[in-house]
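K.L.:
Each chain, written out:
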Amino acid sequence: MSKSDENKPISAKNFMKEFRRYQKGSVTRRHFLGVTGLGTAVAVMGTAMPSLWPGKAQAASDLGDRLIFSTWPNYHNQAVLDRFTEKTGVNLQVNAFGSNEEMLAKLQAGGTGWDVFVPTNYTISNYVALDLIQELDLSRLPNYDASANNPKFAGPATVNGKVYCVPKNWGTTGFIVNTKKIKSGPKSWKDFFDVTMGAGSGHTILHDYQLTTIGGALCALGYSFNSIDAKELGEAEALLIKSKPHLFAITSDYQPGMRSGDAWMSICWNGDGTQLNNDLPEMEYVIATDGGEIWTDFYAIPKDAPHLNAAYAFINYMQDPTVQALEAWIHGYAPTDSRAIALQPDSLGSDPILHPAENLMNGLEFGAAQTLTDPIRAEVMARFKSA
Amino acid sequence: MTMRGVSKSNSWLTVVLLAPTTLWFLFMLILPLIVILVFSFGERAAVGGYGGGFTFEHYLNLPARLKAFQNTMTFAPVGTLLCLLVAYPLAYYLALKVDSRYKLLLLVLVIVPFWTSLLIRTYAWIFILGGRGIPSLLELIGFEGVRLINTPGAVLVGIVYGYLPLMVFPIFVSLEKLDKTLLEASNDLGGSPFKTFMQITLPLSMPGMATGCMLVFILLMGEFLIPAFLGGGKVFFIGNALVDLFLQSRNWPFGSAVSITLVVIMLVTVSFYMRMTLRSKTGRDESLM
Numbered sequence: 001m002s003k004s005d006e007n008k009p010i011s012a013k014n015f016m017k018e019f020r021r022y023q024k025g026s027v028t029r030r031h032f033l034g035v036t037g038l039g040t041a042v043a044v045m046g047t048a049m050p051s052l053w054p055g056k057a058q059a060a061s062d063l064g065d066r067l068i069f070s071t072w073p074n075y076h077n078q079a080v081l082d083r084f085t086e087k088t089g090v091n092l093q094v095n096a097f098g099s100n101e102e103m104l105a106k107l108q109a110g111g112t113g114w115d116v117f118v119p120t121n122y123t124i125s126n127y128v129a130l131d132l133i134q135e136l137d138l139s140r141l142p143n144y145d146a147s148a149n150n151p152k153f154a155g156p157a158t159v160n161g162k163v164y165c166v167p168k169n170w171g172t173t174g175f176i177v178n179t180k181k182i183k184s185g186p187k188s189w190k191d192f193f194d195v196t197m198g199a200g201s202g203h204t205i206l207h208d209y210q211l212t213t214i215g216g217a218l219c220a221l222g223y224s225f226n227s228i229d230a231k232e233l234g235e236a237e238a239l240l241i242k243s244k245p246h247l248f249a250i251t252s253d254y255q256p257g258m259r260s261g262d263a264w265m266s267i268c269w270n271g272d273g274t275q276l277n278n279d280l281p282e283m284e285y286v287i288a289t290d291g292g293e294i295w296t297d298f299y300a301i302p303k304d305a306p307h308l309n310a311a312y313a314f315i316n317y318m319q320d321p322t323v324q325a326l327e328a329w330i331h332g333y334a335p336t337d338s339r340a341i342a343l344q345p346d347s348l349g350s351d352p353i354l355h356p357a358e359n360l361m362n363g364l365e366f367g368a369a370q371t372l373t374d375p376i377r378a379e380v381m382a383r384f385k386s387a
Numbered sequence: 001m002t003m004r005g006v007s008k009s010n011s012w013l014t015v016v017l018l019a020p021t022t023l024w025f026l027f028m029l030i031l032p033l034i035v036i037l038v039f040s041f042g043e044r045a046a047v048g049g050y051g052g053g054f055t056f057e058h059y060l061n062l063p064a065r066l067k068a069f070q071n072t073m074t075f076a077p078v079g080t081l082l083c084l085l086v087a088y089p090l091a092y093y094l095a096l097k098v099d100s101r102y103k104l105l106l107l108v109l110v111i112v113p114f115w116t117s118l119l120i121r122t123y124a125w126i127f128i129l130g131g132r133g134i135p136s137l138l139e140l141i142g143f144e145g146v147r148l149i150n151t152p153g154a155v156l157v158g159i160v161y162g163y164l165p166l167m168v169f170p171i172f173v174s175l176e177k178l179d180k181t182l183l184e185a186s187n188d189l190g191g192s193p194f195k196t197f198m199q200i201t202l203p204l205s206m207p208g209m210a211t212g213c214m215l216v217f218i219l220l221m222g223e224f225l226i227p228a229f230l231g232g233g234k235v236f237f238i239g240n241a242l243v244d245l246f247l248q249s250r251n252w253p254f255g256s257a258v259s260i261t262l263v264v265i266m267l268v269t270v271s272f273y274m275r276m277t278l279r280s281k282t283g284r285d286e287s288l289m
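Order-wise, the sequence lines are chains C and W. Heads up, the first sequence is in the working numbering, so the first residue is 1 and it goes up one at a time. Heads up, the second sequence is in the working numbering, so the first residue is 1 and it goes up one at a time.
If you are wondering where the hints come from, they were derived from the structure by calculation, not from laboratory data. One or more of the hints may lead you astray.
Here are the simulated DSS-like cross-link-like pairs (lysine-lysine), alpha carbons at most 25 angstroms apart as the crow flies [unchecked claim]:
1) K97(W) to K242(C)
2) K190(C) to K234(W)
3) K244(C) to K180(C)
4) K67(W) to K242(C)
5) K234(W) to K244(C)
6) K181(C) to K244(C)
7) K181(C) to K87(C)
8) K67(W) to K231(C)
9) K162(C) to K152(C)
10) K244(C) to K195(W)
11) K242(C) to K231(C)
12) K244(C) to K183(C)
13) K181(C) to K195(W)
14) K97(W) to K180(W)
15) K195(W) to K177(W)
16) K106(C) to K303(C)
17) K180(C) to K190(C)
18) K177(W) to K103(W)
19) K190(C) to K242(C)
20) K187(C) to K242(C)
21) K187(C) to K244(C)
Extracted from the complex, chain C is given alone in its bound form (with noise of 0.2 angstroms):
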């Protein structure tokens, strides 16, 4: 991280280390606060906006005192999290995914009792088709400022001219290689798995999740990373299977394994390379010159959320521009709001992680629709798993 920020209250490396003392307990919550201006920021944010704070009273009736959440791993401030309840009376009970399947798979089960969840933008299209998720009412989220968000990454919120999501962060899946023992400097999907079935053989991590496990093999062949075609599909099995052997794990859960030096590489989305990049400079995230994923995550209100107003409350919440920024801090991805990029330090703002430059992104595709509902991928994850 550069070290450019030194006009904020706090550098980003500063923030980090005072972080990580929090959370281990040896400063208090007040200091930790008070040191990184974040107490600052989101007491100034509730006087400047008292809308946003309705009274404790008036939360338990209209509020509720329950959200129930379904997001991704190590993607959220606990503190801006922690916040919302202080103020709303509204606890929240987050549970973490490994994949978009699997989220539809308890959606399209039922029953879940999901208030607010954070859908990827190629699944958009199939919740509105199968009736899974409720057109947003705008008028009830005013923290959402269409106009700030680029429509590159918004778009996928809208379907048939309704607007059914709002946009949390994007980012990009590439991989982290480990350099202090991968010496090779990969640099596409093509060296990744010559790596991993030659001098990096057994310490390799694929994600537990078709859309880039199955991406990733297909770049390296020289194919699409949307590719529903059978033919290049059993290609990139064989691939696959082909590799098993050279693997460390075939898992979402990626950080336990590079930090403990077990895994040298692995599928990466840029957010988690740059919390494994803070903490252990050796890691380097790479966006594959042969392609890869560009993505943005939305929020969502499941068809049959019991708790409404909750929901909107929650959201609105966590598209205050300040509230993304301190998100953005702590998690490493990108807001795609232009207000909250502009709060952040310019060593976020100017991060290669968080900000490729436009031309390595060339070869990067936006997940397809069809790749979530295809049968073949499915099928072709399932007998690379179970081979």
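Following the hints, complete the assembly by docking chain W onto the known chain C.
P.N.:
Just chain W now, with coordinates in the frame of chain C:
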């Protein structure tokens, strides 16, 4: 056994007593099984789930999960046997050797791990067996590059750790109620400790061993958590295949076909196993079965 009871007695009390169990079995076991059976002959809907129709395609596709069946059919018996080997000395010690003052305390210690979810305890093993755990200690004494996590061995460690209490208790109970005067008699008649163990203790604890093995084996056949965590997705059980089919690829019909196949395999193995243990002279004590 219950069926025999019903037909022999017409008293309303029996009916009342059996009604809850019967309803439970009907609605929680028989009906769901019928649903699964019907699903297994259906088609996968375009977006996943069950789409009606009638086809044998999913049963013909079973070889695609051969490796998972093989893994389960290998790890379940091997894991059961390892549990037995570790549990027997422990149960023996608890039942026959330990000072009665400490017995209760030690028994409670065997149960204590159950107070924490198996998920959390298994997750902890990831760090114990991971690169910064035992392998880093081994490195200190000169064994470099030892891999423990995400290997079949790690899965077996997890299985023995997780299932041990289920094996210890039935064996403990059968050893506990063993008539101690038999051991004294054997001793008085000049039997060596080894001979006494082989001819008296071991046969009389057979029902406990049989029960423990069955408990562990049946649960292991459906296990998916331990291989997922400690096998890193590389040691794949039939339970993992089922999780995958229902929670990832949403292929309910194929998942149902795999489930029905697993149920059939279980029924055959378990009934064969029960017949073997019941037929053998030492297994006559049915009280624990």
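K.L.:
Report the numbers of all earlier hints that the structure fails to satisfy, in ascending order.
P.N.:
The structure breaks hints 1, 7, 10 and 13; every other hint is satisfied.
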